[in-house]
Amino acid sequence: MQLCGLKYDIISVQVLIFQIFLTMKRFLLLAFLLFTISTGFCADYSKIDMKSETVPSNIKTAKEIARYLTRHLTSPTDKTRAIYFWITHNIRYNVGMLKSDYRYTNPQELIDNVLTKRKGVCSNYSALFNACCQSVGIESYVIDGYIRQNGKLYLIGHSWNAVKIDNRFYNIDATWDAGHVADGKFTQQFRDANFMIPPAEFIKTHIPFDPIWQFSTNPISFKDFDSGDFKNPKESAHLNFSDSIKTIASLTPLESLKRQRQRIIHCGLSNKLIAETIHELTLHIENQELKIEVARFNNAVNQFNEGVQVFNKHFSTLRNPKAAPVKLDSKQREALNQARQKTETASLIISQIKTKDLKLNSEINTFKKTIEKQLIAINKEISLYE
224 MQLCGLKYDI ISVQVLIFQI FLTMKRFLLL AFLLFTISTG FCADYSKIDM
274 KSETVPSNIK TAKEIARYLT RHLTSPTDKT RAIYFWITHN IRYNVGMLKS
324 DYRYTNPQEL IDNVLTKRKG VCSNYSALFN ACCQSVGIES YVIDGYIRQN
374 GKLYLIGHSW NAVKIDNRFY NIDATWDAGH VADGKFTQQF RDANFMIPPA
424 EFIKTHIPFD PIWQFSTNPI SFKDFDSGDF KNPKESAHLN FSDSIKTIAS
474 LTPLESLKRQ RQRIIHCGLS NKLIAETIHE LTLHIENQEL KIEVARFNNA
524 VNQFNEGVQV FNKHFSTLRN PKAAPVKLDS KQREALNQAR QKTETASLII
574 SQIKTKDLKL NSEINTFKKT IEKQLIAINK EISLYE
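Residues 224 to 609 (the numbering used here) are what the sequence shown spells out, left to right.
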């Protein structure tokens, strides 16, 4: 009996490619830069700003940049300010990416790309800010959603950040404060308008897809945001956002995605961007489910191959297949029982896999036949000694 490992391991490669293709759009969200007027902290950051505009040219990574900028600072707010100020003054908006359909595969690629080119889109700004903050111990998050400006709704995906300082959440949009785009050109013009904005104020211009990032027990619906109605949040929309945020790290990727989709649906399907976001989450959920089933499939293959190895060793070293069978000794009986047990385990695992994926189902059906043949061979060998 030949081992059947290589044939089935190919599926893992196929799924990996599928995962990369379905990576969430967060990694290339393109929002236009618009002027905005908001009310942030009324604090004097002039001394911090003066020291945060540049870093030495030999400092390259997000971690190095953040540590250099905050080396003499102790307050989380001051550290956050230094990072925000440097990004808004050193990263230009990449207008050329507005018409690109390129998709990044992970946050680190976003960070590497923006630090190399010193320009990017909102997802680059937010990923870089998040990495810098986390590297110096500041609790930070990347948030995806969409925006409204001067009474006008923009159904364009956008990314920004939130930080938690002194047990309170604040929003920061470094992309908007770096400058603006007009006539297809970016003008770098710092506006201190979106730094450390309280959630109740920020929600008037930015709404997250996932309502937990509104940081409100009564988040507004997408419908109310779209219409500009911020006065009457529905009591039925009560949300324990704090607990939801705390549990994210403990959830599996699949469970996290399912809960996120459920929260978004509960917040209302008011526009095509929300529908697209839910559709994409559904695809990502299906991909995670397929990943789990493929892992179970490959586990079954491993069990089967181990059984085959034991069975083949029985023939090659424990008995001469050309000689007449003799009574099994304890070692031989243990080997055959082990081979059968592993093969039966593979059969049990494979019988429990449920998937809609046609390719995987085809592989499962073929594998089931291989398992049946192997069990027949094992049982036949055992019967020779009875």
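Just so you know, these hints were derived from the structure itself, not from any lab. Check the hints yourself; a few may be wrong.
What the hints assert, rightly or not - Capping the alpha-carbon separation at 25 Å, the derived lysine-lysine pairs in BS3-like fashion look like this: (1) K340 - K283; (2) K342 - K286; (3) K286 - K340; (4) K592 - K582; (5) K408 - K446; (6) K481 - K375.
Do the hints match the structure? See the list:
1. K340 - K283: Cα-Cα ~12 Å, so holds.
2. K342 - K286: Distance ~18 Å between K342 and K286 Cα, so the pair holds.
3. K286 - K340: 17 Å, holds
4. K592 - K582: Holds, at about 16 Å.
5. K408 - K446: Between K408 and K446 the Cα gap is close to 32 Å, so the pair fails against 25 Å, i.e. violated.
6. K481 - K375: Distance ~31 Å between K481 and K375 Cα, so the pair is violated.
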